[in-house]
Amino acid sequence: MPITTAYETKIEHISILDAKGNFDEKLGKGLIPDADLVKLYEAMVSCRQLDEVAFRLQRSGRMGTYPQNMGQEATSLGAAYVLRKDDWMVTCYRENCGLFWRGVPKEGILLHWMGDERGNAMPKPHWVTPIYVPLGTQMLHAAGLTLAAKYRGEDRIACTFFGDGASSEGDFHEACNFAANLHIPVVFVCQNNFWAISTPSKINSAAPTFAQRGLSYGMPCLQCDGNDIFATVYAMKKSVEHARTTGTPCFIEMVTYRLGDHTTADDAKRYRDQNEVDAWKARDPIIRLRNYMVARKLWDDAKESALLERVAQENADAVARAEGIAAPHRADFFDSMYAEIPADLAMQRDTMHTHSLGQDPSQLPPEAQERARQMTSEAAAAHH
Amino acid sequence: MPITTAYETKIEHISILDAKGNFDEKLGKGLIPDADLVKLYEAMVSCRQLDEVAFRLQRSGRMGTYPQNMGQEATSLGAAYVLRKDDWMVTCYRENCGLFWRGVPKEGILLHWMGDERGNAMPKPHWVTPIYVPLGTQMLHAAGLTLAAKYRGEDRIACTFFGDGASSEGDFHEACNFAANLHIPVVFVCQNNFWAISTPSKINSAAPTFAQRGLSYGMPCLQCDGNDIFATVYAMKKSVEHARTTGTPCFIEMVTYRLGDHTTADDAKRYRDQNEVDAWKARDPIIRLRNYMVARKLWDDAKESALLERVAQENADAVARAEGIAAPHRADFFDSMYAEIPADLAMQRDTMHTHSLGQDPSQLPPEAQERARQMTSEAAAAHH
Amino acid sequence: MANLNLVQAINLALIQEMEKNPDIVLLGEDIGVNGGVFRVTEGLQKRFGEKRVFDTPLAESGIIGLSIGLAMGGLHPVPEIQFEGFLGPAYDQICSHAARMRSRTRGAFTVPMTIRIPVGGGIHAPELHSDSPEAIYAHTPGLKVVMPSSPYDAKGLLVSALREPDPVLFFEPKRIYRAFREEVPEDEYTLPIGKARTVCEGTDLTIVSWGASVVQCMQAIEKSSRSIELIDLRTIYPFDMDAVAQSVSKTGRCVVVHEAPLTCGFGSEIAARIMERCFLQLEAPVQRVAGFDTTMPYYKLELDYLPDAPRVTRAIEDCLAY
Amino acid sequence: MANLNLVQAINLALIQEMEKNPDIVLLGEDIGVNGGVFRVTEGLQKRFGEKRVFDTPLAESGIIGLSIGLAMGGLHPVPEIQFEGFLGPAYDQICSHAARMRSRTRGAFTVPMTIRIPVGGGIHAPELHSDSPEAIYAHTPGLKVVMPSSPYDAKGLLVSALREPDPVLFFEPKRIYRAFREEVPEDEYTLPIGKARTVCEGTDLTIVSWGASVVQCMQAIEKSSRSIELIDLRTIYPFDMDAVAQSVSKTGRCVVVHEAPLTCGFGSEIAARIMERCFLQLEAPVQRVAGFDTTMPYYKLELDYLPDAPRVTRAIEDCLAY
Ligand SMILES: Cc1ncc(C[n+]2csc(CCOP(=O)(O)OP(=O)(O)O)c2C)c(N)n1
Ligand SMILES: Cc1ncc(C[n+]2csc(CCOP(=O)(O)OP(=O)(O)O)c2C)c(N)n1
Ligand SMILES: [Mg+2]
Ligand SMILES: [Mg+2]
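Residue numbers (the numbering used here), protein chains in the order written: chain Y, 17 to 400; chain A, 17 to 400; chain F, 14 to 335; chain W, 14 to 335.
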């Protein structure tokens, strides 16, 4: 037999609650308890609202560039819902909904986008990593974090998120390959939202799916409707179970759409058609779930207004907390460079407002030294 | 239908003349004219012999580290045979057999491994790129070269080679992805020889095949017996036709084996079982083809001895030419840094044997300037 | 003659050279329909077509590696790296390949390529969007490194880069992309790579700077009562040491100003060379005003990190007081 | 006390620290069964098992990225990069991630990691196997950079690195991997990161060097009739400027010697700092003996590229004659 089959495979697509409201009982029944469903809905609404708050903060100069999550809430939320609270969640920058579910405080995320590293000092017990702006780099860290857990015999997997665009980076390939070959249980979640800034996803992959990016590594691959919280939960359950029981990785493409601009620095009208956006608005994960809950009498207008009011207050409080944090000390950025600051760096810090750099103060002529002494005490006074 | 099929695929394995001598008439008949077959055989023998010559050169201190090709001759040769003479062939460092088929002079390759850049000054009309020691980096250049040809409307594809190990590098992923998405006709050939130095291929891929590395990008993928010149030619014909007619890339895994050490600096006995090596010796592409040709009366012992004698002479001549090339000028490495040497660099070159670096000669005190003048004229004299 | 900002000057240079040289192609993330995140390539895809101006997958090593192949194949690619912080993934292709191709093939293959890169801080951007890595590339033989500080210079230098037979990193200081306009001739002109510009003449002290810092230096000079000469290096490699040495030989004092971290920044090379060339004329050690040896902070503190006019003033005073 | 070469001293340090600290894991290309291409990790997989000493896929960014995750997860990974030329693909993970993790998370995550890297020329290796990129990493805040020049130093410095809470690049000069042996205590000792060693004392001139070049400097000093002080920097960042300044204040003259290209090499930082700290004591400009501003040539010419004793001698003479 000169021509034989070396490899054969198939990738499934999961959809449970579709955009028209059809619900697949076989897969969906009992998947998410009603009480949880309401909480998941509330989480999505809260995140969506914060997007708007953040947008206004940016427009009024109170925050820098901000990437809205609008339309993609069900992806990271579905994942966070399925993961254990002590599994690692290693995200990019558009997974607020999942992070908040984990308990990451909103003010931290806001603070980060307000240009303050303290917003990236993720609270330890939440098993989440900092926000990553550089693309494609965090998946390797997810693999390392998980291997460290395995090394210590801990029962902990990781789930890592990245976009259609980021999956073109070489580090993506290396992360999947390391996880597969070194047997590290990581769930790789590609959020295909069809755009990487202005670049359509077909420029990032000519293949029919992003899910098949996992085939290279012999991983189980799945595709699901990322705007359907039932589908993301279903796909995650299957994948988490695979990772946890086999100790090896797997891959999910969640098909979703970014309804907003790429960030507040972007103007999506320059490069994409409003018709496309409108079509996706009709597939909004929040609307879809609300309709379903209303039909099932789990939700009504009164609950909706109460929710909106509560969320508005919560988000306003978060903004107040973020803005209420005292400005960092002007020399703050010196102090977390090393566990112990090297002497030369300490000198740079201590003379930053009094001397030109590279000038050893003791070398200065007497009058300049005197002036420096004065400035140092003035500067010290100013900081108290 | 909540679970649907998002993607489905299958990869074929090609084998024509197997290790036991079975020949598949259906695929093999007429594939390679007998006259060509003899030439291909001679090319493999010649390359194999040069491996031994190079080994002795290295052991006797006349050459640096050298990577033998032994056992893998049929991979690059099958490719070179199928490609047009003006298709780009973008290799790594273990594709001598294909390069020699293209007409690259043996002394150039030897010179390269003798630590001389002039060996990498690939002669232009051969459409081959320099030898690449850094792994995984050349596939992107192959894509660029081919896109440049496409830009000018030239009918030219590329074939690029890399190992099982190199396919783990991020640049491999980026090259395949760029070629697929930007529609660049490149044939990617993974030479899976089961080892990357001491690292077994399962550490570089946990998947059942390397061929499926191409599935990520939606490329047609093939696997073939890389020790069977018929199979490599068949797989290349199919792939080249695909690339040339569709203008898009495709992927071949050629399954082969490195019979020698990784390089002359390596000792494969440290990490692999002699039984494994012996098993592969029985699948040697040269022996296999010779048996076939003998059976078909295309070859006999007399021809074999004549060939060995001719090849020994040719290789000895190549060594003599490589060793006969005058040593490079001691300042040679300055002159090809830029099209035009910057003034400061020219100063470094012109004073390299007379001054300490960074010292502007004109700043020296008179007696030191005098000494410098003397040394400069001595140095100039020494080079004539 | 038009009154242009830096973005417009670069855009104009690209248009004019692309019209002259059909081998120039532009590629990068979001440079096509979107015109780049800073709009530097605005309108170029429409004008020259998708064959000459195209979006790539999101992968910097790929962008540079593909460009190297394009250049080896006879074109002059102009890849854009969206922010200098994303040069990292492309480091290997730039330094191990683009920089070495001519040398390792003894000229059989060359890489005429102009890598365009927005650089530096001061625009309130997120992490890895505000760095100044020019010294890294100045330390890598085989590359040329250019950083204009004004629209006029940008056009003239870019045209030269686009005609270079070797790889050029063309750093565009984003802080001054739109900070001011100046007269930029429509007519063809070039500024030589490797030559500095004396921004203003003086006799008491020399300032050497490049990129957006030149603006901070000018502010400091305006406030100073002393006669200060300002040299804008314009190109970091090859650098115009003759101009610097000549000036410092005259003034005897020098302050170097740049955004990158102090240690092993390009200022250290300038300082070392000044010592070598002007030892007997120097009246004070060369002062360096630079970024600190810390990671560039997020934007709340970026102005505390970046050299500003008061810090330059302090250095001038210290140096003169020495 | 044993008479060890550099390879053996490093191997011993790894064994002893791994026995003490179960969080240390080793990873890289061919470091397991094969013991690394230089046999530095010989026997370690056998001794500590495949869990603690493991081969990785062939991907340097992956090796460092995975190690960053391991370190964030509480281990102390010791990745090996097979040759310094292959740091290139890992540049982004080292400089944009390992170096910044503590700072960008204000200490919530840290990266205690020791990257081992054979470095430098002189062993007749193929392309990209003979470079000296230490200045690149010295210019990157957040990293520590170490380069021993002897077996004794290697052991003491490596033990310190393995106890560091921040990422260290530990460069091992391959030219002296087996060049000589010296007495290396079995007993525990550490050498502090950030402190130089005065190899020999002298009054006429100071030489500052590091790595394999220290050997060339000693040869030149032996041949010289003058009284020369040799400082081996041992660590490139943080560097022991106090030791250098003290010596140069005494001698008034200095030669810096390193293999990396001149421009923006670490020698430029040393020269600039000496000028800042010892301006009034300096009797001649600091001389730099370094690699030229070219790509490291293939091995036929590598000895013409690398600083050797005659070039150091010439610099000593020039500097003294000034
Ligand atoms: C390494 C790197 N290159 C470029 C950028 C600039 N950039 C930020 S977001 C973005 C597009 C990302 O697209 P995708 O991965 O699909 O994620 P999405 O924003 O759509 O969620 C780009 C190019 C970056 N942050 N990092
Ligand atoms: C980027 C890079 N990393 C590491 C090396 C060192 N190295 C040289 S060959 C080799 C193994 C290559 O294995 P493979 O790609 O399978 O090719 P083969 O040698 O088996 O033909 C390694 C690790 C290198 N040359 N380049
Ligand atoms: Mg996207
Ligand atoms: Mg191999």
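Among these hints, one or two may not hold up.
Pair ranges (Cβ atoms, derived) [said to hold, decoys possible]:
{"id": "1", "chain 1": "A", "residue 1": "A362", "chain 2": "W", "residue 2": "K236", "range": "28 to 34 Å"}
{"id": "2", "chain 1": "F", "residue 1": "R239", "chain 2": "A", "residue 2": "A359", "range": "42 to 48 Å"}
{"id": "3", "chain 1": "W", "residue 1": "L293", "chain 2": "Y", "residue 2": "A336", "range": "52 to 58 Å"}
{"id": "4", "chain 1": "W", "residue 1": "R52", "chain 2": "A", "residue 2": "R72", "range": "21 to 27 Å"}
{"id": "5", "chain 1": "W", "residue 1": "R52", "chain 2": "A", "residue 2": "D289", "range": "16 to 22 Å"}
{"id": "6", "chain 1": "Y", "residue 1": "I19", "chain 2": "A", "residue 2": "G169", "range": "34 to 40 Å"}
Keep in mind the hints are simulated off the structure, nothing from the lab.
Ideal Cβ placement from N, Cα and C applies to all residues, glycine included.
Distance restraint evaluation - R239 of chain F, A359 of chain A, Cβ atoms, bounds 42 to 48 Å: violated, 32 Å
Using the Cβ atoms, figure out if A362 of chain A sits within 28 to 34 Å of K236 of chain W. holds, 30 Å
Kindly confirm whether 21 to 27 Å is satisfied by the beta carbon distance between R52 of chain W and R72 of chain A. Between R52 of chain W and R72 of chain A, where Cβ atoms are some 25 Å apart, the hint holds.
Should the hint that I19 of chain Y and G169 of chain A are 34 to 40 Å apart at their CB atoms be regarded as holding? holds, 36 Å
Does the Cβ distance between L293 of chain W and A336 of chain Y fall inside 52 to 58 Å? holds, 56 Å
Does the Cβ distance between R52 of chain W and D289 of chain A fall inside 16 to 22 Å? Once the Cβ atoms are compared, 20 Å apart, the range 16 to 22 Å for D289 of chain A and R52 of chain W holds.
When held up to the earlier numbered hints, the structure conflicts with hint 2 and nothing else.
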